[in-house]
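Colleague: Residue-level listing of the chains:
Number of protein chains: 2
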Amino acid sequence: MKKNISKAVIGRLPRYYRYLGEMIEEGTERISSKDLAGRMKVTASQIRQDLNNFGGFGQQGYGYNVRSLYNEIGKLLGIDQQHNLIIIGAGRLGQALANYPNFSKRGFVIKAMFDENPALIGKTVRGIEILSIDELEDFLKNNEIQIATLTIPKTEALRIFDRLKACGIKAFWNFAHTDLPTERGDGLFVENVHLSESLMQLSYRVYEAGREKNPYGTKQTGKDKLK
Amino acid sequence: MKKNISKAVIGRLPRYYRYLGEMIEEGTERISSKDLAGRMKVTASQIRQDLNNFGGFGQQGYGYNVRSLYNEIGKLLGIDQQHNLIIIGAGRLGQALANYPNFSKRGFVIKAMFDENPALIGKTVRGIEILSIDELEDFLKNNEIQIATLTIPKTEALRIFDRLKACGIKAFWNFAHTDLPTERGDGLFVENVHLSESLMQLSYRVYEAGREKNPYGTKQTGKDKLK
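Protein chains in written order, with my numbering: chain A, 4 to 230; chain G, 4 to 230.
Don't take each hint at face value.
Unchecked claim - Below, simulated EDC-like cross-link-like pairs (lysine to aspartate or glutamate); rule was C-alpha separation at most 20 angstroms, straight line:
1) A:K44 to G:D165
2) G:K168 to G:E211
3) G:K78 to A:E211
Keep in mind the hints are simulated off the structure, nothing from the lab.
Isolated chain A (complex conformation) (with noise of 0.2 angstroms):
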């Protein structure tokens, strides 16, 4: 089952889920695919189509079961399972993430950080140690993670990269500011999340719309124009 689903469905799954999470805390218990489009500002027939791929949960004439819809998706997406995860980096990045109370109740659990810096190494993040990185074979032999999260340097990722593969870590959640190597078929997973990439989107959107004139609308003075 569920072969073949593109990457612009699965990339929209977590914003279906989301929503469907929502609703339920609204007390929605079910939902036409005409009002969840108007909700997410999408067609009425992308839901259906996006939803199809999965056997479609809907009936005709009621909508969609927001709960069982939730659930399905929740599945689909692994968050069913409990994945543990571990920080390389204890920096303020790493510290937001293992501050971020939503993680683990999608089942990503944070069960250790990791850093070089001594001022940082023994303190505790939300009840997460921060252990030193010549800890790291250790640890991973001894405890069972699927996730490492890198939220070093660059210079630093592939060196780290290459110890926590060595340790037969599969998936990597990736805020250096470089690719991580992988062959097809290696097995490995990485996903990027390269945040000035992100901003650089923002600002060609903001110039490409308004090249000729006064791109963010804002009033323009002599010492402040932008130049």
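Given chain A, work out where chain G should sit, using these hints.
Modeller: Below, chain G without anything else, positioned relative to chain A:
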């Protein structure tokens, strides 16, 4: 010029920019589409097609001049301009962004952070002051700000979004786990970074690849088995 460029191409531009920047640091002056393709693990024909969208900067038999291609893509991305940002929400994530040195190198200058927490107001991160959220409107009246970054809980996001729009802010870099409502033609630009959705896409891919087998390829003990 530069019309009708697909979203996919635009999405790839920051990655070209990053690779070219690394080549400049290494002292590489020119590169063929074949060698660039090898580095970036895409096909040479995709590189030629992508760059042809912008008039193509390569020359037959010579390849691309790394520095001028870098500069041209930088211009397309608006990086030759200075963009002034504020960050709403001076928690760990907001502070992590404020602490990131590469943004200002690329022309994204963070001018202030805002928070409602008295324990944070008045502090600075890398010289960037944390102001009271009550000062938001005054600050925006007296400073040219183009981009607002939201690192606040979703429950606060819409209220802050409205206040920022009322001050004329058009571009939003949104980390709040909700969609900011925009309408076609309203001239607003939103770039979302939904961290937990990126994590779910990672777990989807891992599970999709190995639903029947042990998905992460790690040993499974009775105690630690995923459940």
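Colleague: For a C-alpha distance cap of 20 angstroms, please report whether K44 (chain A) and D165 (chain G) respect it.
Modeller: Holds. K44 (chain A) to D165 (chain G) sits at ~19 angstroms (cutoff 20 angstroms).
Colleague: Would you mind confirming whether the straight-line C-alpha gap from K78 (chain G) to E211 (chain A) stays at or under 20 angstroms?
Modeller: holds, 11 angstroms
Colleague: Take the C-alpha atoms of K168 (chain G) and E211 (chain G), compute the straight-line distance between them, and say whether it is at most 20 angstroms.
Modeller: violated, 41 angstroms
Hint 2 from the earlier list is the only one contradicted by this structure; the remaining hints agree with it.
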